[in-house]
Amino acid sequence: MSGNLVITIGRQSGSGGKMIGEKVAERLGVKCYDKELLAIASKNSGLCEELFQRHDERPTNSFLYSLVMDSYYMGYTGSAYADMPINHKIFLAQFDTIKKLADEASCVIVGRCADYALADYPGLVSVFICGDDADKIKRVQEYYDLTAEKAKEVMMKTDKQRSSYYNYYSNKKWCDPRSYDLCLNSSAVGIDGAVEAILQFAEIKKKFKNH
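Residue numbers (UniProt numbering): 1 to 211.
Quick caveat, the hints were computed from the structure, so don't treat them as lab data. Note that CB positions come from ideal geometry on N, CA and C, so glycine has one too. Don't take every hint at face value.
Stated by the list, open to error - Between beta-carbon pairs, the in silico distance windows are:
id: 1; residue 1: 206; residue 2: 103; range: 24 to 30 Å
id: 2; residue 1: 43; residue 2: 210; range: 32 to 38 Å
id: 3; residue 1: 43; residue 2: 188; range: 37 to 43 Å
id: 4; residue 1: 99; residue 2: 192; range: 37 to 43 Å
id: 5; residue 1: 44; residue 2: 142; range: 31 to 37 Å
id: 6; residue 1: 207; residue 2: 50; range: 31 to 37 Å
Given the sequences, and given the hints that come with them, work out the whole structure.
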């Protein structure tokens, strides 16, 4: 396993998490993976990219977590993988892709349980971005050109999906400070302030780990 720096960004809808991740990556001179990760996972696994888009950070209650992880650690051997629902295969393909990207080079990865996939990774810095509702609604409203009421509905639905997905696949709780190295309120520090805080924290964690 390499000593690359990998910053994972969990985020509430409308918090500016993706923008923050992109700016952090730009400052570090590395790549930022958000939906790009889906295309790479599709190519690596041979599964249709449309399937990854359809199931992106969306949970389903129709399968067993133990089967997913048992099959992963077995190396996808035997009939368990062959008979596995497509949801399992998509999660595992993303899981593998996240690990491969982390080993290849330093990077920033937005969402998709990346912090869980890299839980034992020495160069991991896991971040969660939240924000005040008014600011988040306004950002969603502007991004999707929606009314404030509709933007709030989209925000709540997206957060519910992300929370269910994260809580189901990981052994942690989405949005819980104990699940991450660093939690930031983008409404309190702004987008650029969050970027600075993440970069400084990454340096501090690196020094702390080396002592």
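Hint by hint, here is what the structure shows:
Look at residue 206 against residue 103: about 18 Å separates their beta carbons, and that is not inside 24 to 30 Å. A C-beta distance of roughly 36 Å is found between residue 43 and residue 210, which places it inside the suggested range of 32 to 38 Å. The hint said 37 to 43 Å for the Cβ distance between residue 43 and residue 188, and at roughly 39 Å that hint holds. For residue 99 paired with residue 192, a C-beta distance near 31 Å fails the hint of 37 to 43 Å.
As the Cβ distance of residue 44 to residue 142 is approximately 35 Å, the hint placing it in 31 to 37 Å holds. For residue 207 and residue 50, the hinted distance range of 31 to 37 Å is not satisfied, since their beta carbons lie about 44 Å from each other.
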